[in-house]
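Undergrad: Which chain is which? The protein sequence lines are C and R, in order.
FYI, in full-length UniProt numbering the residues of the first sequence are 1 to 635.
FYI, in full-length UniProt numbering the residues of the second sequence are 1 to 314.
Derived by calculation from the structure, the hints in this document are not laboratory data.
One should not assume that every hint holds.
Label pairs and their calculated CB-CB ranges [to be verified]:
1) C:Thr600 with R:Arg225: 37 to 47 angstroms
2) C:Gly118 with R:Arg127: 14 to 24 angstroms
3) C:Leu76 with R:Ile82: 29 to 39 angstroms
4) C:Pro148 with R:Gln172: 31 to 41 angstroms
5) R:Glu206 with C:Thr430: 31 to 41 angstroms
6) R:Asn171 with C:Pro148: 49 to 59 angstroms
7) C:Pro148 with R:Arg225: 52 to 62 angstroms
Note that the Cβ used here is the ideal one computed from N, Cα and C, for glycine as well.
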Amino acid sequence: MSTVVHHADSPVGPAARAGRALATSPLTLTAVAWLVLVVLTSVFADQLAPFDPLTQNLTELLKPPSATHWLGTDSLGRDVLSRLMHGGDTLLWGAAEATAIAVALGLPAGLLSGYRGGIADAVISWLVDLTFAVPAFVVLVALAVIYPQNTAVMMAVLGVLGAGAATRLVRNSTRTVRDELFIDAARVSGLPLRTILFRHVLPTVVAPVIMLAATSMAICVIVLSSLSFLGLGGSPEAPSWGQMIYEASQNITVDSWLLVPPGAVLILTVIAFNLIANTVRDALPGGPTPRPVRHRRTVLAETAAQRPDADPQTLLGVHGLVVEFPSGPVVDGVTFAVRKGEILGLVGESGSGKTVTALAIPGLLPIDERITAGSVRFAGEELAGTTERRLSRVRGRGVAYIAQEPMAALDPCYTVGNQLRAALRHFGATRRAAAARTGDLLREVGISDPDRVMRCRPHQISGGIAQRVAIALALTGDPALLIADEPTTALDVTVQAAILDLFRNVVATGERALVLVSHDIGVVADVCDRVAVMYAGQIVEQGETDSVLGAPRHPYTRALLRSMPSLDTAGRLPVIPGSVPAPDAWPEGCRFAARCALATDACKKGPIPLMDVSGPSPRTTRCVRGHDLAPEPGR
Amino acid sequence: MGSLALRRAAGAVPLLLVVWTAAFFLQQLIHGDPAAYVLGNTSTAAQRDQLDAAFGLHRSPLDQYLSTCANLLSGDLGRSWITSESVGRLLSTALPVTLSLALLSTLVTAAVGTALGIWAALRRGSRVDRILQLAAGAVTAVPNYWIAVGLVYLFAIQYRVLPATGYVQLNQSPGQWLQSLILPVIALSLAPIGPIFLQARSAVAEALDADYVRTVRALGIPRRRQVLKHGLRNAAAPIVTAVGFNTVGLLAGTVAVEQIFNLPGLGSQLLSGVLGHDVPVVQGVVLVFAVGVVIVNLAVDLLIGVLNPKARRA
């Protein structure tokens, strides 16, 4: 088999990406340029240095920088610049040697350990632990008791100790690629181990190794210069940066300037190596994503002021809501209202903007998403564009939000009881009252053994219990409006039914209201009084549940209903062809037209407004053929 | 929890044994007669014989090794070749100095790094955040010995507000003890604050973006509580790991810093041992450093065990 499968995002990807990143960042380019300069001046120090680094001139002691001595002279009248140029040679060469040894040992050991696992891995890992047993610097100082000034021995030992870190890194990178499909495919196709390692595993560890080498250079430069500073690294006659700092420290009372040139060169060199390492690391898969864009807060008060609350029974009025990501709008002019005692269903496929709408109401959008237009009026107060301080007064007591994944929505570090009690205390309960209420709340949401659940951390309870706990948590502030995002998605059918019953009870008093976000039209049909169908950031149909689902006036609602399983559906379920267009691909006309069997040229002409198709109850649809769609049963 | 500690401690024993063995065989690397190496070329044969006899250097390496191991088991680290003093006693007077230095520095790096990390995490993408990140990269590159000399110049020579050298024991005068350690602790702490800051920043930022923080935010719980109770608590494990890793680095840094500030700690003992060819002292210090690393790692493991909710039974 010659067609060995290559990885989808190609094993050379990371290395190539790292190379590109190195070439495009101005800071990193400066770092590379600095290192080139330092290396060249060190190599050609004999030709470039204006003076001999060792020649003493007792008439020119401790002179400040001048035209002859650009960086001044030291306590023996030697030219500082010339000494700097000569002082990098041994240091950089030593660091490079140690790094080369570390990589040469660590690469094969890490590949073996990571790819083979088993005994090889155990033995190598133990040896790696050994290299971390005593700090390398201490080992080198201790070695000097036998080998004073012996740089060759020090390089070798530093390299061997550094191989530990290299091995660990290569091992872990190898581990992660080992189990990937393209490696499996290569293994199954009978390629020899050597070919797999060299052709497929090695390329993926190249970029991490470059990063490691740069980091290692930075560490070695510091370690080796420290040794010179202590008088243990290499011949005391040859100038080195560490030794120059030592000499500066001896003359610090007379002349502090001498500390600056070697310190600056040393620090800049280490920074340069670290910058290169960081650039490579950031280009690796799993590196940081571009930093979030911070928006200015937009003031939307004018739009809000134009919308008086028509009906005192209206709890929440969302009007013309637009939410933008850095890339553009994702919710585009959404308008709906929720009355007390009502359950409104917000339904649509993923990507329709229903979760973003739900999060926008209590102002819980992530940092890079914001409301750019429209109004969110809750109990007479404008929430869009208001301050975090005012929002936090509304949250919990006024509007409560129940997140999509209950398990992730509970803090793993605290017990259920702790989280409920803390919330109750926040809403003003005394310690005792909070403790008592916690049990009651858990019972209210249908947990039969609240005392046990209270003592559990989130990972110790089931998904159904976690969902109930999340609801109980949302109820701690006795909110007027609950927003539940896909509350039944992860649950099995019986638990799902119980949770929906719970929601019915929550609004049964007539004082509360619920917005239920779901992709499951069956759930919506089950509990919602009214339904708003969302598609590509817009509401496409809205009205009372029975009338909308009984006789949809938008082809998308129809298609959703047809794709829902039911007892009398025989054979295959029809699926809606295609998928929801991404926000940057929204067409100018009807956004559903591309997937719609009924689409005509008129659909693609321009933006489709919401049309009033009210019958006995208010009803809107965003379809030019809304009137044509005969009120036929949806299934 | 206790069993984890025991397992880790047991795992460290072979590691320490290897370190001790390597440190012992250091002296076998001496070319020729160790006594001549210690006493120098001007020494007389009688002096050398005396040293040989006193320390059993004429015996076979294995013989010597076994007897040092036996001594080690009874807590005896041997005697200095130069002063004949007990290495154990020498190091036990030096230990409090290094311990004070390392503990204070660890506290400073952990506190400053974490506080700045939280601060930056709350302002992600802002100008201060970017400046702090660049600064973190820059301080990491500053060698502790260079900053130490700079601090001596600034605060002891130029402004004369803090002592340049010397050490005062804690039980003699806590105030002076602290004064004598301020500059060395700053010198040791500066570089490690960088990586700890970066780790704290990303861990806290990740926690603040998590659903559970949004949950408490959705309850109207104040930002301070969101950050300190939920954000910091969930970010604690990676921060502790970073602090532990950097504490090991700090231990190594004490060697140069003690030298500059003339602090009579383990690092100074190590250096005088190295310069005086006093192998038993060097061996002793290496072993103590290895034990120190084991303790730091053990402390990190135990702390993470406590911090990780999944490791605890409710």
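Undergrad: Evaluate each hint against the coordinates.
TA: Now the hints, each set against the structure:
1. C:Thr600 with R:Arg225: 37 to 47 angstroms: Violated: the Cβ-Cβ distance is about 56 angstroms, outside 37 to 47 angstroms.
2. C:Gly118 with R:Arg127: 14 to 24 angstroms: Roughly 51 angstroms apart at Cβ, these two residues miss the hinted range, so it is violated.
3. C:Leu76 with R:Ile82: 29 to 39 angstroms: For leucine 76 (chain C) and isoleucine 82 (chain R) the Cβ distance comes to about 32 angstroms; the hint holds.
4. C:Pro148 with R:Gln172: 31 to 41 angstroms: holds (36 angstroms)
5. R:Glu206 with C:Thr430: 31 to 41 angstroms: Check passed, 35 angstroms falls within 31 to 41 angstroms.
6. R:Asn171 with C:Pro148: 49 to 59 angstroms: violated (37 angstroms)
7. C:Pro148 with R:Arg225: 52 to 62 angstroms: holds (58 angstroms)
The structure fails to meet hints 1, 2 and 6 from the earlier list, while all remaining hints are met.
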